[in-house]
Amino acid sequence: MPLAVYILGLSVFALGTSEFMLSGLLPPIADDMNVSIPQAGLLISAFAIGMVVGAPLLAVATLRLPRRTTLIALISVFGLGQVAGALAPTYEVLFASRVVSALACAGFWAVGAAVAIAMVPVNQRARAMAVMIGGLSIANVLGVPLGAFLGEHFGWRSAFWAVGVASAVALVGVVTRIPYIPLPEKKPQLRQELAIYRDRQVWLAIVITALAAGGVFCAFSYLAPLLTDVAGLDSGWVPWILGLFGVGALIGTMIGGRVADAHLFGVLLSGITASTVFLAALALFASSQVAVVALAFLLGLSAFFTAPALNARMFNVAGAAPTLAGATTTAAFNLGNTSGPWLGGTVIDADFGFASTAWAGAAMTVLALAAVAVALRLQRGGDGGGLVRSRLIAKGGAAHGERTAPVAGTAECAAGSPTQP
50 MPLAVYILGL
60 SVFALGTSEF
70 MLSGLLPPIA
80 DDMNVSIPQA
90 GLLISAFAIG
100 MVVGAPLLAV
110 ATLRLPRRTT
120 LIALISVFGL
130 GQVAGALAPT
140 YEVLFASRVV
150 SALACAGFWA
160 VGAAVAIAMV
170 PVNQRARAMA
180 VMIGGLSIAN
190 VLGVPLGAFL
200 GEHFGWRSAF
210 WAVGVASAVA
220 LVGVVTRIPY
230 IPLPEKKPQL
240 RQELAIYRDR
250 QVWLAIVITA
260 LAAGGVFCAF
270 SYLAPLLTDV
280 AGLDSGWVPW
290 ILGLFGVGAL
300 IGTMIGGRVA
310 DAHLFGVLLS
320 GITASTVFLA
330 ALALFASSQV
340 AVVALAFLLG
350 LSAFFTAPAL
360 NARMFNVAGA
370 APTLAGATTT
380 AAFNLGNTSG
390 PWLGGTVIDA
400 DFGFASTAWA
410 GAAMTVLALA
420 AVAVALRLQR
430 GGDGGGLVRS
440 RLIAKGGAAH
450 GERTAPVAGT
460 AECAAGSPTQ
470 P
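Going by our numbering, the sequence shown opens with residue 50, and the numbers climb by one from there.
You may find that some hints are simply not true.
[What the hints assert, rightly or not] Pair by pair, the computed Cβ-Cβ distance ranges are:
# : residue 1 : residue 2 : range
1 : L106      : P170      : 46 to 52 Å
2 : F401      : R247      : 36 to 42 Å
3 : S336      : D81       : 25 to 31 Å
4 : R247      : A110      : 20 to 26 Å
Hints are computed from structural coordinates only; laboratory data are not their basis.
Glycine included, every Cβ here is placed at the ideal spot set by N, Cα and C.
Make the full structure from the sequences, and use the hints.
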């Protein structure tokens with residue numbers, strides 16, 4: 050495996066830490082910026098919104114740009130966004146810095162995945178993507194708890210400075226180790242790719258992904274105040290429990306990735322059902338310290354056990370659009386990461402308490418289960434998605450060397466999972 054692939058994994062570690070670390074920093078940010086916890090939670094939504102918008106736009110906008118130069122520019126902008134966040138004098142400036150950082154993050158994912166695949170033989174593509182996604186998993190196991198630890202002992206701004214330093218290290222690695230990658234000779238036909246959005250199974254896949262991710266993120270975003278204000282744990286425990294969530298996420302991703310190919314709908318139904326049960330249990334037993342610690346691990350496990358199947362489903366039904374399929378998956382995950390914290394903040398503002406975020410999240414995952422049931426029924430009725438793909442092949446797309454839908458679990462599937470730890 051080329052060292053450059055590991056450099057991309059290091060870069061993703063910085064990106065992922067920045068994306069998820071605010072879940073452990075909301076109380077100090079709210080105090081310092083003189084805003085409420087729900088308003089601070091909107092900073093998480095701001096990053097997710099930037100990813101939703103940035104993933105498809107930058108996937109298209111950077112298609113004809115040199116890959117190495119694009120990566121250098123994007124990781125530089127991302128690092129400057131962290132510096133701007135660390136120096137932000139007002140909530141509004143901090144909010145804007147999160148949006149800019151997210152746009153750069155989304156673009157780096159889109160280009161970095163293509164570069165990683167281009168640097169290795171065909172039979173090592175999945176392994177290369179596993180290295181990149183591994184950077185995101187490690188960010189949840191180490192980076193997010195470390196950010197919470199820094200915020201607890203040195204102030205929340207120190208966490209932003211730390212990610213800025215990690216971004217600078219990643220920039221040096223990209224400049225010195227990423228080789229020149231020639232652009233593909235055949236340019237994607239975006240008009241044809243946009244046709245996937247006429248397929249109702251594609252829209253169902255978007256809805257399922259957004260609701261499944263949003264349900265868990267609705268509670269996870271406010272886990273720190275729930276642990277301290279409801280369960281009564283000392284704030285020093287927060288980094289460790291966030292790390293426990295990350296360990297569950299890492300284990301869940303490994304298990305889900307192994308079984309999703311053969312049992313895609315089984316993984317979707319069982320994983321989302323488990324998340325629903327764990328969210329309800331978190332709401333019911335939020336005052337029990339033992340329960341919330343165990344449920345933090347179990348939520349990470351169930352949520353990211355489901356994630357590989359969510360990615361694979363999108364590529365199965367949108368295989369005619371290799372450029373937009375991954376970007377659409379990224380946007381769908383982050384649509385959930387936007388709506389979840391917003392809904393959680395709404396129920397907190399309505400004076401239902403921090404534990405109510407788990408009930409709200411469970412409501413979202415129940416809707417996700419309903420959408421899975423509809424997709425499964427359509428599949429069994431002969432509408433398995435990919436109708437647009439069939440039409441494109443009938444027009445001779447395959448004759449020109451275009452690939453059909455990637456097999457679930459391949460590198461192409463993995464490339465569409467930038468928001469899953």
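Do the hints match the structure? See the list:
no., hint, result
1, L106 to P170: 46 to 52 Å, "violated, 31 Å"
2, F401 to R247: 36 to 42 Å, "holds, 40 Å"
3, S336 to D81: 25 to 31 Å, "holds, 28 Å"
4, R247 to A110: 20 to 26 Å, "holds, 23 Å"
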